[in-house]
Amino acid sequence: MDAESGLRPEGHRGRLSPHKLPSVETMFVRLVYESFRRQTRRKMLVAVAVTLGAAVSTAMIGIATGIGDKISHELRTYGANLVVTPEEDDLDVQIGSVNLKPSGTGAYLDEGALPKIKGIFWRNNITAFTPELPVNVQVGGNEVTLVGTYFSKSLKFGTQEFTTGARTAFPWWKVSGTWPADDSDEVLVGEKLAQRSGTKEGGRVEINGKPHLVSGVLSTGGAEDDQIIAPLTLAQALAGKPGAVRKVLVSAVTKPEDAFARRNPDSLNVADRDRWYCSAYPQSIAYQLTEAIPHSHAEQIRQVAQNEGNVLSRIKGLMLLITLAALFTSGLAVSAAMATAMFERRTEVGLMKALGAGQFTLSAIFITEAVLLACGGGLVGFVSGGWLARGLGRAIFGSAIAVEPVLLPVILGIAIGVTFIGSAAAIRRAVKYDPVRALRGEA
Amino acid sequence: MIRHGSRSAMYFRMLFRAAALRKGQAVAALTAIVVAAAAATAMLNLFVDVQAKLRREFRNFGANLVVEAKSGGLAPEEISAIQAAVSGHGLAVPFAYAVARDEKDRPIVVAGTDFELVRRLNPWWAVSSWPQASGQVLAGVRAARLLTPGNASFSLNFQGHHIRVLPAGTVRTGAGEDSRVYMSLQDFQSWTGIAPSVVEIAASGPPEEVTSLLQQLQANLPNADVRAVRQVTEGQANVLGKTRSTLLSSAAFIVCTAALCVLATLMGWVFDRRRDFAIMKALGASDSLIAMFVAGEAAVLAFAGAILGFAAGSGIAGWIGRVNFHAPVTPRLSVFPPVLAGCLAVTLLATLLPLQLLRRIQPAMILRGE
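Which chain is which? The protein sequence lines are A and B, in order.
Residues 1 to 443 in my numbering are what the first sequence lists, from first letter to last.
Residues 1 to 370 in my numbering are what the second sequence lists, from first letter to last.
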């Protein structure tokens, strides 16, 4: 207001036509615009700082939120974390690789129900599943355990087609030779068993008096080294139990269990039960598997599921804390850059004050500038940060880390807040300067 | 009239007066350097330490080496040889197995082991209560449901030898353990006379140490199979490597940002003081003297910033360690030299670069405000 009345004294009204006089609003816009146009270098320095800060914050938030999922997928190299067994099962009698349970006893699951695993709520989190059917067979006069399973079986659920089996579920299984086809009579022989019986890949092994082609020798570092692994159909034929499966190992991407995960779903109220059911806890996925497969009981394999949860929450926690540190760091750094830029403008402030600008007008100009810088820098930073996170995800995990667009307002908010805090102290001091001293350069 | 101080006294006087007169800007510049140094220190400390921290977490996955007798059991001297080889960097837990029959003549696997060691080897076992005394057993949840629904004592029969045991608690793992009964090795051996056939080893340390232990055991135990549990070792290497790469790239982002912000702050400051430099020049200071003056200022800022930042960064790393891993990340002095060198490089670059640009301008022009 002061500026306006100063520019329009009563006596000059005749000479200056009123429509040529800039209004307060246009003057304000012009001041801000000129400040950007004439002080490109200063503005660039601050803009670069804000952009970098926003980019790092975006990338770090993206990584911190995405890394759980990525590491969880990496942890699937530990193999299945859930197991489905028949509801009415008797005890396993197995020591090491040797199955001592008489064939033909105990309960079975129906192989036909397995594709339903891909129909549960968390179906996209199921990375693989493998059925198992152990049968004791005679090989060269010795009793050996043969396990029937899927290697890379194509299945169909509804319109969805998918492939599952040991090749994806157990990445540490090494086969010298080739994997048998799921509909063949070929088998894999465990490495130690192969050594003992002198079997080689491409050779033949007599199972219950019938020769079978050994497509490869399997090395796992586990019990399978002393076993024969065969397609499920072959094991079912040998056991005389078509369509039977002893247990199903399921590999699922889960989130670390917490106190809520351990609650019994049947004791929860409707809202809590929905929340429990729709969280990717090992318990809730096990619960859904039990629902999907008739007469079954699903349980987490604690060695894998529990430790996976531990490792996952440690890594997630680490990245979260580092993200906090990164936000803090870039906030402070941007504030410092902003403060320096403001200190440079003492003379400008002095001039404006001498021309009658009020404290409110001055603050408004500087705050507008800070907000514009923050928005511009924040936007560019958000885009480049998203690009950084994607590139990092692809380089390290082989799949992009997506940055949610929801993050944009958050980043812009942080950027505005940080630039504002950085300039607030400097603005306050600048506004309080005695204009005479500022103009003489004594401030 | 004029007191003639020595040249160096004048130099330091100018250095400190310059900082004292423009406190606000000096503080802003110092803040930026401290933040960058702190970020670099914290990230370097974490990067060095995180592998050891995570490896400790991975130890909870259980055994990574298994010794198995080729036939029969392992001799007591073989077991003590294994324990001697492992002692200090891991755990070695013997297991003995037998198939017994319950009262209804159903087969059941009974295992003998050392409960104290198993508890440390397999922390994921969900055990309701560990056996304390001889004659008590730990029953797998499925075994317990079948053998002793009321948690009463039950008898087991191994080749005509009967034993009556009391279940102290149940164990749930989701795997083979659920169908077994575990008892102490002493009880097991006096009942069955079977020696341990398997020793599970959780070896700590980097992969090379585990491999050398594996080879040492293989050489010393000709009557046993020694193998690495690949499921555990391969998964661990994979996850550790990826976590480290993520951490490294994040560290690079953060440190770069902080360093660039220092650059922006200091360059702004130097440009802002062009009048001071013009006056110095007008009074007869040479370009190299001004450069030395500015470089001296930058070095002081860098030193102060690096020391404060090192302290703050060590604190942040320690805090992250305590909050996330429940063990502090010990500050490493070896991190300090690179941090200091980085600070010096960035501050010198940020001050001497704009000075180089200002050099081309005549002092009179700057003083006239052009």
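Do not rely on the hints blindly, as some may be mistaken.
As the list claims (entries may be wrong) - In silico lysine-lysine, BS3-like type, Cα no more than 25 Å apart, as pairs:
#1 A:Lys-255 / A:Lys-101
#2 A:Lys-192 / B:Lys-70
#3 B:Lys-53 / A:Lys-174
#4 B:Lys-23 / A:Lys-316
#5 B:Lys-70 / A:Lys-174
#6 B:Lys-104 / A:Lys-200
#7 A:Lys-174 / A:Lys-192
#8 A:Lys-210 / A:Lys-192
#9 B:Lys-23 / A:Lys-255
#10 B:Lys-70 / A:Lys-101
#11 A:Lys-432 / B:Lys-53
#12 A:Lys-101 / B:Lys-53
#13 A:Lys-43 / B:Lys-23
#14 A:Lys-116 / A:Lys-316
#15 A:Lys-255 / A:Lys-241
#16 A:Lys-316 / B:Lys-242
Simulated from the structure, these hints should not be mistaken for lab results.
Checked hints:
{"no.": "1", "hint": "A:Lys-255 / A:Lys-101", "result": "violated, 35 Å"}
{"no.": "2", "hint": "A:Lys-192 / B:Lys-70", "result": "holds, 11 Å"}
{"no.": "3", "hint": "B:Lys-53 / A:Lys-174", "result": "violated, 30 Å"}
{"no.": "4", "hint": "B:Lys-23 / A:Lys-316", "result": "violated, 41 Å"}
{"no.": "5", "hint": "B:Lys-70 / A:Lys-174", "result": "holds, 23 Å"}
{"no.": "6", "hint": "B:Lys-104 / A:Lys-200", "result": "violated, 44 Å"}
{"no.": "7", "hint": "A:Lys-174 / A:Lys-192", "result": "holds, 13 Å"}
{"no.": "8", "hint": "A:Lys-210 / A:Lys-192", "result": "holds, 21 Å"}
{"no.": "9", "hint": "B:Lys-23 / A:Lys-255", "result": "violated, 51 Å"}
{"no.": "10", "hint": "B:Lys-70 / A:Lys-101", "result": "holds, 22 Å"}
{"no.": "11", "hint": "A:Lys-432 / B:Lys-53", "result": "violated, 53 Å"}
{"no.": "12", "hint": "A:Lys-101 / B:Lys-53", "result": "violated, 42 Å"}
{"no.": "13", "hint": "A:Lys-43 / B:Lys-23", "result": "holds, 22 Å"}
{"no.": "14", "hint": "A:Lys-116 / A:Lys-316", "result": "violated, 32 Å"}
{"no.": "15", "hint": "A:Lys-255 / A:Lys-241", "result": "violated, 37 Å"}
{"no.": "16", "hint": "A:Lys-316 / B:Lys-242", "result": "holds, 13 Å"}
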